[in-house]
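**Q** Please work from the sequences and hints to get the whole structure.
If you're matching positions, the sequence shown starts at 955 in our numbering and goes up one per residue.
Just to be clear, a hint being listed does not mean it is correct.
List of simulated lysine to aspartate or glutamate pairs, DMTMM-like, C-alpha gap at most 25 Å [what the hints assert, rightly or not]:
no. : residue 1 : residue 2
1   : K1019     : E1094
2   : K1019     : D957
3   : K1019     : E1092
4   : K1010     : E1094
5   : K1014     : E1093
6   : K1023     : E1093
7   : K1019     : E1093
8   : K1010     : D957
9   : K1023     : E1092
10  : K1014     : E1092
11  : K1014     : D1051
12  : K1014     : E1094
13  : K1010     : E1025
14  : K1010     : E1092
15  : K1014     : E1025
I should point out that these hints are in silico values taken from the structure, not numbers from a laboratory.
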Amino acid sequence: MNDLFVRVTTRMILPFIQTYGLYVILHGHLSPGGGFSGGAIFAASIVLYTIAFGLKPGQKRMPHKVTSKLESGGILLYMTIGLIGIILGQQFLTNIDVGFPIGTLGSLLSAGFIPIVTFAIGLKVMSTVVTLFHTMLEEE
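**A** Dropping the structure here:
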């Protein structure tokens, strides 16, 4: 797209969309949201950037090497957290029974490792959506 208004507006709102995506990911255990929706919001900002500036600048901003590492890292983090429960003799993704600190009810760090798991899901969703969008544009 070669519209100056769209490019300027995209540059202005991009940090706010990405900040909101991270907020939704990190506060998903306290409020509506979580890894999937926050990852989709963050990915939408990269998709918007790619639509406004083109495929090459979009791939430069979020290269395939980065998205593939984030995809793998997100699922590996999720699996590692899940396997801790099995290694310690409990069920997959066991939280309290394996001795993970819970914190105080209602605070940001009150959910054990659930925020870590939602962060891993957010990384996976964001990188997958960006990879799929860039791949579909490459195919045209």
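**Q** Next, verify each hint and record whether it holds.
**A** Now the hints, each set against the structure:
no.: 1; hint: K1019 x E1094; result: 21 Å, holds
no.: 2; hint: K1019 x D957; result: 29 Å, violated
no.: 3; hint: K1019 x E1092; result: 15 Å, holds
no.: 4; hint: K1010 x E1094; result: 14 Å, holds
no.: 5; hint: K1014 x E1093; result: 17 Å, holds
no.: 6; hint: K1023 x E1093; result: 22 Å, holds
no.: 7; hint: K1019 x E1093; result: 18 Å, holds
no.: 8; hint: K1010 x D957; result: 17 Å, holds
no.: 9; hint: K1023 x E1092; result: 20 Å, holds
no.: 10; hint: K1014 x E1092; result: 14 Å, holds
no.: 11; hint: K1014 x D1051; result: 44 Å, violated
no.: 12; hint: K1014 x E1094; result: 18 Å, holds
no.: 13; hint: K1010 x E1025; result: 21 Å, holds
no.: 14; hint: K1010 x E1092; result: 10 Å, holds
no.: 15; hint: K1014 x E1025; result: 17 Å, holds
In this structure, the earlier hints numbered 2, 11 are contradicted, and the remaining ones agree with it.
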